[in-house]
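For the record, the sequence lines run as chains A and B. With the numbering used here, letter number 114 in the first sequence gets 114, and the count goes up by one each step, no holes. Each position in the second sequence, counted from 1, maps to that position plus 1000 in the numbering used here.
Do not rely on the hints blindly, as some may be mistaken.
Using 30 Å as the maximum straight-line C-alpha spacing, the simulated DSBU-like pairs for lysine-lysine come out as follows [what the hints assert, rightly or not]:
id : chain 1 : residue 1 : chain 2 : residue 2
1  : B       : Lys1232   : A       : Lys112
2  : B       : Lys1231   : A       : Lys112
3  : B       : Lys1231   : A       : Lys227
4  : A       : Lys225    : B       : Lys1040
5  : B       : Lys1040   : B       : Lys1261
6  : A       : Lys225    : B       : Lys1231
According to the in silico footprint, chain A covers these stretches of chain B (three or more CB under 8 Å from chain A) [what the hints assert, rightly or not]:
id : segment
7  : 1036 to 1042
8  : 1051 to 1063
9  : 1144 to 1152
If you are wondering where the hints come from, they were derived from the structure by calculation, not from laboratory data. Glycine included, each C-beta is placed from N, C-alpha and C at the ideal position.
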Amino acid sequence: MGEIDIFSLSFILSVLRVSTPLIFAAQAGLLSEKSGVVQIGLEGFMLAGAFSGAVFAHLTHSSYLGFLMAFVCGACASFLFSLLVVRLKTDAIVAGTGFNFLMVGLIPFLTKFIFNSTGSTPPIPIELRLSYEVTVFAFAVVLGIYFLISKTRWGYWIQFAGEYPDGLTACGVSVDKVRWVSVFLCGGLAALGGASLSLFLSSAYSPLMTGGRGFIALSALILGKWKPLPTLMGCLVFGVFDALQIRLQGVPINGFTIPVQWIQILPYVLTIVLLAGFFGRSQAPAYLGKR
Amino acid sequence: MKSFFGFLFGLFCALMIVLLAGESPLYILEILVRSSFGSKYDFGLTLFYMTSLIFTGLSVSTAFKSGLFNIGAEGQLNFSAICMVVFATSYPGITFPGSLLMILLVGILSGAIWGAIPGLLKAYRGSHEVIVTMMLNFVSAGISSYFISQKLQNPDSQNPESPIIGDAFRTNFFDFLNKLFPESPVNLFFVVAILAAVAMYFFFTKTALGYEMIAVGENPSAAERASISSKKFVVISLVLSGVLASGAGMNEVVGYSGQYKIGFSPEFGFMGIAVALMSNNHPLGIIANAFIMSVFHKGASDLDIETETITKDFSKIIQAMVLFGVGLQYYLNKYGVTFSFFNGFFKKKKLNSSGRV
C-alpha cells in the first residue's frame, strides 16, 4: 500500500487514540447490559461527558479535574436513566432514545446559558490537553471490569441480574440495587469516553461531536459477545479502520485515488461482513430487556 | 389515548425547563403554536414533516411488531432518495406516466434492498439487526455523499445538492394538495402516508400475514411450533420496514424538491423511533404522534429568532420529555394508577394475584 505502513509506531498510536473513546463507552455499555438493562443511551452519556469535561477543564484550567468531573456528571445523569428504567420500569429503549434526545437538546441550551455560544465550548490551551495516559487508563478499566465481572461477588450479582434476576432475588440480593450500581458506573464510564473525545482527541466540545460513536461502541459490544476482552478487540477493530480511513484519504494507490467516501464507509461494510461471516449468533444476557 | 397523560406530563416538564432560562413557558408555547399553525405556509411545512414522520414511524413500528429494532430508517430513506435521484438523472428521456411509475419503483426497490440486507443477515447468519442497520446508516450516508460530491453536484449551486430532476419524474404539476398551501412543501405524499398508515392498520388486524408477523414478534418459538417460519418473517418485516421508510425519501425527492440535498432529513429516522414508541406501534396512533412531533419540530424552528436564550434544539428536549412521560405512563397503567381524562380523577385499577393488571 505504498506510503502507508500499517505496522509503524505512529499508525499504532493513532489506532489507540481513536479507539480510546470507544473502549470506555463499550465497557460502560457492557456493565449496563450485563445487568439486564438495554443501553441505547450511550451516545447521550458520551455527549454529557464530552460537554462537562470540556466545561470543567475550561473553568478549572485542569484537564484532569475536567476528566474527573465528566465521570461525576455522567454518573449523576445516569440517576435519571435508572430512575426511569430501574425504578419506574420504563422500557429501556424508550428511555435510552429519550435520553439521547435530551442530551442533544440540553447541551446547546446550557452553552447558550454559560458561554452565550451556539453549541461549542471555548477551547482549552493545547498544553492542557490530555495525552496517552487516557488510553492507558482505558486499558486499565478493561482489566478492572474483566476482574469485576468474572472474579468478584459484585460481578456475579451483575451477571445474575442479567441472566436470571429471580435467582438473585431468591438469594436475598436486590436486583434493582445491582442495576442501579451498574448503570451508575456505566454512565460515568461512558462519560469518560466522551471526555476523552473532547480533552484528548480535540480540545473543546463541538456540537454532536460523538458522531454515532455511542452506537459504534454498542456494535463493538455485540461483536465482542458481551465479554470484556473480546469487546476491547471489537473496539480496536473499529479503531484500526477509523485510523486507516484517516491515513488513506487522498493517497493514490497505483495512480488511482480512492474516493474519500469509499474509505469512510469501509469500516462499516467490513463490520457487516465480519459479523455475517465469522461471528454468527450473539449471546446476549438472557434477561436483557425483559421485565 | 392511553398515553395522553404521559404526553401532557412530558410537555409540562419541558416547558418548566424554560423557566430556568428566564422565559415564560406560556410564551414559548405560544411561539410553538404560532410557528406551526400561524400561516398556510407554516402549516404546510408542519404537514410536510408529518408526512416523513408517518413513514419512518410506520417503518420502525413494523419492525418492532415482529420483535426487531430497526434503527436504520434513516439509512433506508437516504438510500432510496439517492437512488431515485441517480435513476432520474441517468435516464432523463423517459416520458410522463412511465417515468413516475419507474422512479417510484426504484424508490421502493432501493428501500426494500436496504431493509432486506439486515433481514437476510439476521435470518440466515444471525447478525444482530441493530448493528447491521446502524452500519447501513453510515454506508448510505457515505454513498450519497460520494454521488453528490463526485458525480452529481448541481453546477448552479454552492450547497452540496444534486441537480433538479425532470418534471416528468415529479408530482408537482398535478399536485392538488400543494395548490392548497401555496409555496409550502406539503404534497401528495401526505395523502399516501395517511393511506399507508390505514393500510398497515388493516394489514396487522385483518390479514393472516400481519397476524403471523405479530405472532413471531410476541413469541418466536411458539410461532415456530404453529409452523410460522420466524426467519421468513424477519426478512418480510424488515423489507416492509425499508419500503415504508423509502416513502420519506419520495416525499422529499418526488413530491417536493426534486433533488437530493445533503442533510435534507433532520434525522427523521430517529424521530420515527420516538413516534413509533409513543404510539405503542399502533399504525393509527402513529398519525397522531407524527403530527405532535412535527408540530414541535416546526414550532421550535422559530425559537432562535423569537427568544434570547432558547434555541431550536429545544424541540429535542420536548421530544425527550414526552418520551419519558409516555414511558412513565406505561408504568402507571401497569401498576394500577390511571388518569381518566373524562372523569378527571385518579383511579386505582384492580390487580390480580400476580400483581399484573
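Here's how the hints hold up against the structure:
no. : hint                  : verdict
1   : B:Lys1232 x A:Lys112  : violated (51 Å)
2   : B:Lys1231 x A:Lys112  : violated (50 Å)
3   : B:Lys1231 x A:Lys227  : holds (27 Å)
4   : A:Lys225 x B:Lys1040  : violated (53 Å)
5   : B:Lys1040 x B:Lys1261 : holds (24 Å)
6   : A:Lys225 x B:Lys1231  : holds (22 Å)
7   : 1036 to 1042          : violated (count 0)
8   : 1051 to 1063          : violated (count 0)
9   : 1144 to 1152          : holds (count 4)
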